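A.B. asks: Chains as they are written, first to last, in the UniProt record's numbering: chain A, 1 to 248; chain B, 1 to 248.
Quick caveat, the hints were computed from the structure, so don't treat them as lab data. One should not assume that every hint holds.
One copy or any two copies: either way a pair holds, since identical chains are not told apart in the list.
[Said to hold, decoys possible] Think about it this way: if two alpha-carbon atoms lie no more than 20 angstroms apart in a straight line, the pair counts; the simulated EDC-like pairs of lysine to aspartate or glutamate are:
{"#": "1", "residue 1": "K22", "residue 2": "E174"}
{"#": "2", "residue 1": "K242", "residue 2": "E114"}
{"#": "3", "residue 1": "K87", "residue 2": "E50"}
{"#": "4", "residue 1": "K22", "residue 2": "E177"}
{"#": "5", "residue 1": "K242", "residue 2": "E179"}
Because the structure is a prediction, the values reported are computed rather than measured.
Number of protein chains: 2
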Amino acid sequence: MAISVTAALLIIGDEILTGRTKDKNIGYIAEYLTGIGIDLREVRVVPDVEEEIVAAVNALRGRYTYLFTTGGIGPTHDDITADSIAKAFGVGIGVDPRAVALLQERYQPHELNEARLRMARIPEGADLIENPISKAPGFRIGNVFVMAGVPSIMQAMLDIIAPSLQTGARMIIETIEAEGLAEGIYAEGLGQIALSDEGVSIGSYPSFSTSGFRNQIVVRGKDPESVASAAAAIRELLGRLKGDRAPL
Amino acid sequence: MAISVTAALLIIGDEILTGRTKDKNIGYIAEYLTGIGIDLREVRVVPDVEEEIVAAVNALRGRYTYLFTTGGIGPTHDDITADSIAKAFGVGIGVDPRAVALLQERYQPHELNEARLRMARIPEGADLIENPISKAPGFRIGNVFVMAGVPSIMQAMLDIIAPSLQTGARMIIETIEAEGLAEGIYAEGLGQIALSDEGVSIGSYPSFSTSGFRNQIVVRGKDPESVASAAAAIRELLGRLKGDRAPL
Chain A
1 MAISVTAALL IIGDEILTGR TKDKNIGYIA EYLTGIGIDL REVRVVPDVE
51 EEIVAAVNAL RGRYTYLFTT GGIGPTHDDI TADSIAKAFG VGIGVDPRAV
101 ALLQERYQPH ELNEARLRMA RIPEGADLIE NPISKAPGFR IGNVFVMAGV
151 PSIMQAMLDI IAPSLQTGAR MIIETIEAEG LAEGIYAEGL GQIALSDEGV
201 SIGSYPSFST SGFRNQIVVR GKDPESVASA AAAIRELLGR LKGDRAPL
Chain B
1 MAISVTAALL IIGDEILTGR TKDKNIGYIA EYLTGIGIDL REVRVVPDVE
51 EEIVAAVNAL RGRYTYLFTT GGIGPTHDDI TADSIAKAFG VGIGVDPRAV
101 ALLQERYQPH ELNEARLRMA RIPEGADLIE NPISKAPGFR IGNVFVMAGV
151 PSIMQAMLDI IAPSLQTGAR MIIETIEAEG LAEGIYAEGL GQIALSDEGV
201 SIGSYPSFST SGFRNQIVVR GKDPESVASA AAAIRELLGR LKGDRAPL
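Using the sequences plus the hints, can you model the full thing?
C.D. replies: Right under this line is the structure:
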């Protein structure tokens, strides 16, 4: 049995829940983690409300190998992620000299006002995650990685974090085009193939455009032979159905 | 105090968690609900695993006025949303004659095989939500609305559902450009304005491109006068800081 390393993602921010900002981080992080052999198992989006953040952090960090958060680490009053994480862990928080040193690379001493020093508030016991773009750091505490919400900064932080992560067997993903076959035609056969190997998960994904439906079948698993075998069975099934079917 | 109608959104599907499909429904639904006066308070993404879906449905339907779900109502073996919802509500599920009638508008009798009839499995006591695009219906049970995952179908279903929803006072949103001012410059003054009216929430949102940072301040609230008053105070603050500041 391949090692499974799991993760959850917590997106923090009213702007996502009102639709003002369209999230770009979920898809990016999902693809990134999958690519390095970490299974993203759950995502939550919560508002800038301390008790909601604390509850979600504590629910998720206990359930998965890692929890990643994005958003709420800027200098304004609505940036309450660091304080909420400290509360979730039951640890103190204060202005961290290491974080101040990083901010000093960007700001002149007279520019480092109280608001900007909020960005140096780091829970006790946390390690910093550097921010090569705007300097204000993220941090890691326990199995929780706290990152910026701005996509370019989050992406830079993720690159910095990645080498320190435990990773499991990488997911092997094979995509098969159903090429004109309707889901309802291949569903029964596909279900039988899906039952035949527990280590392989098979999904069928329709998408719809002005030119009609397009169906893709995706085979996922960590054992190359199992994935190849399921994919071969699916191709055989589709070939057989294509020969048989009445025109739709 | 304005009436508050709240909602959660549950996105069901392995394809989102692996990054294979980039979700487009969260942003659309968030903006849509905000526009009709429903406050989206939480989003979760869970895999195609029955116990995860059941747990999330029961956690969310109890907490908010409405729960909307997307995904997992097609004909293939990985489409387990309807059965999971029935389990969450503790009710039976079977092939629903009303849903079969809808499918018959699209499929010839010999095309209505067992897999396609899965799309007519509807929990007992549910009302159907019509699907003008591909006929397979969604459904409503209690305060839970079960919709397709394909964006165009989900959007059509949401239009059908919307007139039946209780809505609260619409959120009034005013966006103010900080025009070159850094967050750290206006953060303190903004925080004071944010404290002055509980019914108004103020967010500051940086975005980053090759041309540098751009900051937008967003004022949200349900009382027009409160929003206007906070926005005026913010504009006054920004104008004052612009006059004062040293060049950055």
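A.B. asks: Hints first: check each against the structure and report whether it holds.
C.D. replies: Taking the hints in turn, this is what the structure says about them:
When the C-alpha separation of K22 and E174 is checked against a cutoff of 20 angstroms, the pair qualifies only between copies, where the shortest distance is 17 angstroms, while the shortest distance within a copy is 29 angstroms. When the C-alpha separation of K242 and E114 is checked against a cutoff of 20 angstroms, the pair qualifies only between copies, where the shortest distance is 19 angstroms, while the shortest distance within a copy is 68 angstroms. Taking the shortest Cα distances, K87 and E50 sit within 20 angstroms of each other inside one copy (9 angstroms), while across copies they are farther apart (32 angstroms). Within a single copy, K22 and E177 get their C-alpha atoms only as close as 29 angstroms, which misses the 20 angstroms cut-off; across copies the closest is 18 angstroms, which meets it.
Taking the shortest Cα distances, K242 and E179 sit within 20 angstroms of each other inside one copy (9 angstroms), while across copies they are farther apart (59 angstroms).
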